[in-house]
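Listed below are the residues making up each chain.
There are 2 protein chains.
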Amino acid sequence: MSSKKLPDIEKDFAKWYQEVIAKAELADQAPVRGCFVIRPYGTMIWENIKAVLDKRIKETGHQNALFPLLIPQSFITKEAEHVEGFSPELAVVTHAGGKKLEEPLVVRPTSETMIHFMFAKWIKSWRDLPMKINQWANVIRWEMRPRAFIRTSEFFWQEGHTAHETAQEAEQEATMMLREYVNLVQDYLAIPVVHGMKSESEKFPGADKTFTFEAMMPDGKAVQMGTSHIISQNFAKAFGMTYQNREGQLAYPYLTSWGSTTRLVGALIMMHGDQKGLVLPPKIAPIQVVIVPIIKKDSDNSAVLNVADDLKNTLGEKFAVFLDDDDTKTPGAKFYKWELRGVPVRIEIGPRDLEEKKVVVADRLGEKIAVPLDDVASHIEKTLEAMQTKLFERAKQNLESNWKKAEKLAGFGKTLSKEGGFYQTGWCHNPECEKELKKFQAMTRCLLDEKTFEVCFNCEKPSKGDVLVAKSY
Amino acid sequence: MSSKKLPDIEKDFAKWYQEVIAKAELADQAPVRGCFVIRPYGTMIWENIKAVLDKRIKETGHQNALFPLLIPQSFITKEAEHVEGFSPELAVVTHAGGKKLEEPLVVRPTSETMIHFMFAKWIKSWRDLPMKINQWANVIRWEMRPRAFIRTSEFFWQEGHTAHETAQEAEQEATMMLREYVNLVQDYLAIPVVHGMKSESEKFPGADKTFTFEAMMPDGKAVQMGTSHIISQNFAKAFGMTYQNREGQLAYPYLTSWGSTTRLVGALIMMHGDQKGLVLPPKIAPIQVVIVPIIKKDSDNSAVLNVADDLKNTLGEKFAVFLDDDDTKTPGAKFYKWELRGVPVRIEIGPRDLEEKKVVVADRLGEKIAVPLDDVASHIEKTLEAMQTKLFERAKQNLESNWKKAEKLAGFGKTLSKEGGFYQTGWCHNPECEKELKKFQAMTRCLLDEKTFEVCFNCEKPSKGDVLVAKSY
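The listed protein sequences derive, respectively, from chains V and D. If you use my numbering, the first sequence corresponds to residues 956 to 1428, in order. If you use my numbering, the second sequence corresponds to residues 956 to 1428, in order.
Calculated directly from the structure, the hints in this document are not laboratory data. Among the hints, a few may not be true.
In this list, chains with the same sequence are indistinguishable; a pair is considered to hold if it fits within one copy or across any two.
[Said to hold, decoys possible] With a straight-line cut-off of 25 Å between C-alpha atoms, the simulated DSS-like cross-links for lysine-lysine are:
(1) Lys1267 / Lys1289
(2) Lys1013 / Lys1289
(3) Lys1284 / Lys1079
(4) Lys1013 / Lys1238
(5) Lys1076 / Lys1292
(6) Lys1005 / Lys1087
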């Protein structure tokens, strides 16, 4: 066992991240390159995120379906940009059923090609449109520099795929789903984000446009939280996806796709965690309230335990409550454990509290207060709400203090490289200028709808609009 | 398009099954051998089954986790029976990230080996036991004779894996989960089952004991609905899964695993369907009530549509309701569509009904009755309950009428081969006698806790107990 204390979060954020994941039992290294086991506590967080998003996906008119894991290799090569983008990351099945396959099968890195093949079968008339499908699935993109949740060879996600009669409808769909994602991460994960378009070189291989939403981690690096794409009609053409339009002519539909992944769990850990461990936003925490009875060995603890149990049942109707009545551990060890796991609120009940008909309520951000037993439920409700807001505000402050405006890369490059953060600057949209960012381990994160700067951050050409640049995970 | 009528369910059940799946848009052939796309309507059914089972899995003390899809080939070969059982069905990744892998990776056919590897890491002391994990996942077992839902190269399932201090606890776990499965399929899917142990030759490769639960389809073939295993301690030994027991000595835990799959959807289709299409048990139906307003082209339908909409909102609070107000289709076409899709109850509302303040309620089994508007909700509730019971009773009758007792294979073999059904008979437990069943396309399905027969169905040795034999999917 490694020592109980977490690495210094200020001095070695990367090490802290790795250790908090191990100690809070969120994930564990698997015996396959770049793969991780998501342990029960990590899975519960993902299931909570999934539940919120799945509900919204259905409410916005999409239906879930399940497509095959394996894709004929020839499918991937049908769209030139797509194959170029994904080839280096593919895992390939060459043998199955005891024989060499005639055509190798690729483990899906994403399902555009498979789903478009099926769309071509299903979409015959404009009456079949729009077609709005979502899939919850595992995908594989072989990873050379793995990091739990953030960058893994296998990951879990949802991928939405839709087809529409007009380019305008497709654009509406892609931006609507971007908005849904932004609401999810801001309202539930308490992570403020900036959203906008990716540059030509950073967009999805095969997309006309990619919308992204990006968060700023406390260490100054950006995380791409998810993306929503207008897919090139090349895909529709490659798969012969013709249908009869309202005018009776053959036409190709306009396509979108959009995805978000288990990476969200990684961003959640980084965004809110502190020296004691995880800090989970109440709306997404698997356990919102933990009750720790202050019991003593070789004493009659039944009065305390009875009240703790009653409280668990009462609060359990409104909140996700866990009663930690393990009598082999001290209250101190339990405080440590549940703080490490980021449980938003802890209730302590001891014999003296009982006499005074009160309990102690401690929130994960350090507030501690005695509350009359009768008021516990309403107090908890207020505490959870306040904590959700506080976490978002704190993260927003981090975003704002890490957001700088600067004119020339030559001026801000070194500081960006050292300290991180978002730099808002001007850009001529020339990919050669974009490449210069690499010298400072940075890249463009998203195009902004503003124009503060007259010239490009690199050359002397006019800026086409502001861009956000940063180092990233 | 193929003709609108389904193939004769009595004369060609296999063809009917294939067509009803296509026409009701449950699944579609994928462009990969043995794989199917599960379309939205099929996915909704699977999601409903998942939700019920997932709740019970959690309530019985298990936690979900996510393990890697790919397993090092050497893991599979660690347990001799396991590798022998699964080798012919494996899909193998030999290349990834643009390179040939040093060791091939197998796409999981089941996750015992991966999960046991992790258990060996996690289980150090008796305090870590029991460890009770479940995973919802996709698996691949290469399939030569695919059939949608019932037998597919890729399928979806949950696999539970647990470790215990004693053999007795492991047995309790395996039988508890068998009981949970039986409750699921009987109470929700309305499918009566028989349960018991598999014979030595039919058990899971690497299990000491396999418990199975089996259903009888209307065509006389059995379907294995799921299994629960006591896993051989060979696995614990192969993965060095030692822990310190209560006596301070090193010991190996006792293991179980148990799984149920998307095959349940296939059994559901076969069990209850009729000449008009699917018949879905109300407790698992994605749409429980469809409202069809009887509207006419070029008329003012607003009164009818308003009442239909109100009804949708009222009923929607208690039931899964769909209002089919598509004005391009006739009521008749809608009746056909929703009968094909097995919606338990249809409500018809026309202008004349409105005058009389009533609606027509038709259930999927053919009952049709006029109901005063004010009584609709309570009537629907009773109808759905009655239908759930009726479907189970009907299926139970099918099971009973297909269950025969007979002494000698020589006597019943030909009839079994022709007509199907369960045959209860005696068996000496010799695998050589069991092999004789193959001549009649039959096999042992499960051992029964009875002893009706004195001698084996094949030889003259004494029977060790009754066995159920049948043809199967």
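Status of the hints after comparison with the structure:
| no. | hint | result |
| --- | --- | --- |
| 1 | Lys1267 / Lys1289 | within (17 Å within a copy, 50 Å between copies) |
| 2 | Lys1013 / Lys1289 | between (40 Å within a copy, 23 Å between copies) |
| 3 | Lys1284 / Lys1079 | between (65 Å within a copy, 18 Å between copies) |
| 4 | Lys1013 / Lys1238 | both (20 Å within a copy, 20 Å between copies) |
| 5 | Lys1076 / Lys1292 | between (53 Å within a copy, 20 Å between copies) |
| 6 | Lys1005 / Lys1087 | both (18 Å within a copy, 22 Å between copies) |
Comparing the model with each numbered hint stated earlier shows that all of them hold.
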